[in-house]
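Note that the protein sequences, when read in sequence, are chains A and B. For what it's worth, the working numbering labels the leading residue of the first sequence as 1, then goes sequentially. For what it's worth, the working numbering labels the leading residue of the second sequence as 1001, then goes sequentially.
No wet-lab data here; the hints were simulated from the structure. Hints are not guaranteed to be accurate.
Said to hold, decoys possible - Per the computed footprint, the stretches of chain A lying under chain B, defined by three or more beta-carbons under 8 Å from a beta-carbon of chain B, are:
| no. | region |
| --- | --- |
| 1 | 14 to 21 |
| 2 | 55 to 66 |
| 3 | 82 to 92 |
| 4 | 178 to 187 |
| 5 | 196 to 206 |
Yeah, the Cβ is synthetic: ideal placement off N, Cα and C, and Gly gets one too.
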Amino acid sequence: MNRGSGGGYDRHITIFSPEGRLFQVEYAFKAVKAAGITSIGVRGKDSVCVVTQKKVPDKLLDQTSVTHLFPITKFLGLLATGMTADARTLVQQARNEAAEFRFRYGYEMPVDVLSKWIADKSQVYTQHAYMRPLGVVAMVLGIDEEKGPQLYKCDPAGHFYGHKATSAGSKEQEAINFLEKKMKNDPAFTYEETVQTAISALQSVLQEDFKATEIEVGVVKANNPAFRVLSTEEIDEHLTAISERD
Amino acid sequence: MGDSQYSFSLTTFSPSGKLVQIEHALTAVGSGQTSLGIKAANGVVIATEKKLPSILVDETSVQKIQCLTPNIGVVYSGMGPDFRVLVRKSRKQAEQYHRLYKEPIPVTQLVRETAAVMQEFTQSGGVRPFGVSLLVAGYDDNGPQLYQLDPSGSYFSWKASAMGKNVSNAKTFLEKRYTDDMELDDAVHTAILTLKEGFEGQISGKNIEIGIIGTDKKFWQAPL
Chain A
1 MNRGSGGGYD
11 RHITIFSPEG
21 RLFQVEYAFK
31 AVKAAGITSI
41 GVRGKDSVCV
51 VTQKKVPDKL
61 LDQTSVTHLF
71 PITKFLGLLA
81 TGMTADARTL
91 VQQARNEAAE
101 FRFRYGYEMP
111 VDVLSKWIAD
121 KSQVYTQHAY
131 MRPLGVVAMV
141 LGIDEEKGPQ
151 LYKCDPAGHF
161 YGHKATSAGS
171 KEQEAINFLE
181 KKMKNDPAFT
191 YEETVQTAIS
201 ALQSVLQEDF
211 KATEIEVGVV
221 KANNPAFRVL
231 STEEIDEHLT
241 AISERD
Chain B
1001 MGDSQYSFSL
1011 TTFSPSGKLV
1021 QIEHALTAVG
1031 SGQTSLGIKA
1041 ANGVVIATEK
1051 KLPSILVDET
1061 SVQKIQCLTP
1071 NIGVVYSGMG
1081 PDFRVLVRKS
1091 RKQAEQYHRL
1101 YKEPIPVTQL
1111 VRETAAVMQE
1121 FTQSGGVRPF
1131 GVSLLVAGYD
1141 DNGPQLYQLD
1151 PSGSYFSWKA
1161 SAMGKNVSNA
1171 KTFLEKRYTD
1181 DMELDDAVHT
1191 AILTLKEGFE
1201 GQISGKNIEI
1211 GIIGTDKKFW
1221 QAPL
């Protein structure tokens, strides 16, 4: 005699459903998609580039305060796709953790270590009833001293993987299909190619051409490992290069 | 543990005497990728499928087989994030034992302590059971050993075992092929054949992981 569903609670807190699923985690993924933004990350031979849409819903809003791209340390960047408020707490905690790491161990926190820390924290929220999972997918980028350019993606379930290219948000699957074709033969993109692949992937998937003010672009390069958000002029250069290329 | 508002167990008995949350956890394990282990006369081998969600994922960033001590390795079926938590706790327990007794922890002790953690999460307030089953492979003074730990916290020693999606076919295959005096090389070969049985798509060095421990008592991953 099986009691069937968990008394209806399996949808409210992170306990198992009869099929062995965690509904709250699945709903957190839906919340990421519901934010209506798509993000893309591409790892090249010696650089990493992340791109996201910049939707400013109200003309009265200060555009400079609307951002999904956050520097965690001088060398680590984080692109948060999903619920902005959850993103801000995640960024705040990540910044604290990275700073403590630098203080404690005397060297900069590597990309994969930070990603693991974020993912492990997300896992705790999937196992303890008192905190819900965060509705954020985080893409962490940086140049690793030993492994070179790194791009990691951490999701609400606590999974994290290194990626050659990836996407998150509402058009995630379309973007991944596009990127799989581009990255099929393990191309070693230069910095310009990396940025242009990322931007053109976003344009193709959303089927619109952007103005430089409608997207945010963040990069790290091996010869300049500081995380940098590109200015509108630089984005314009890349957009022009893409349209001339096509 | 956690907020006092959740100081009641989420895993409670059903009228028929079952702990349904643990059963659901086992269902989650059963839908995970297949993994298996074989104990030979002179060593142990564990293996798993490594199917990644996309070709864009960098497979070198993923390691499903982990070592807990230099002579004990572990593989899982089920939820990866939960596995990482258990690996971290087990490694700490092994290290604490070593600090206290100046000896490497025996396999049975580590298994017992890890299982105790898994059991805690089926009874404590405000938490759910772990959605993983573990296969622990080790070689200590008692020889080669293979243990399977379930989300309930129960564990058994096995000569050969499998978990995850293809468990029934894999176990049947292993039952036919297992012999008590198997050598380690044969066991590795059999492990790969068993994985191949239920594999969807083309098996290759990039989508499986193999962990081996022999009489040298050093757990290592076979580079494929």
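Within the assertion that chain B covers the region 196 to 206 of chain A, do at least three residues meet a Cβ-to-Cβ distance smaller than 8 Å? Violated, because only 0 residues of the region 196 to 206 of chain A bring their Cβ atoms closer than 8 Å to Cβ atoms of chain B.
Within the region 14 to 21 of chain A, is the number of residues with a Cβ closer than 8 Å to a Cβ of chain B three or more? As far as the region 14 to 21 of chain A goes, the hint holds, because 8 residues have Cβ atoms under 8 Å from chain B.
Quick check: the region 55 to 66 of chain A, covered by chain B? Criterion 3+ residues, Cβ under 8 Å. violated (count 0)
Stated coverage of the region 178 to 187 of chain A by chain B [criterion: 3+ residues, CB within 8 Å]: holds (count 4)
The region 82 to 92 of chain A covered by chain B? Criterion: 3 or more residues, Cβ-Cβ distance below 8 Å. With 0 residues close enough to chain B, the hint is violated.
Going down the numbered hints, you'll see the structure goes against 2, 3, 5, while the others check out.
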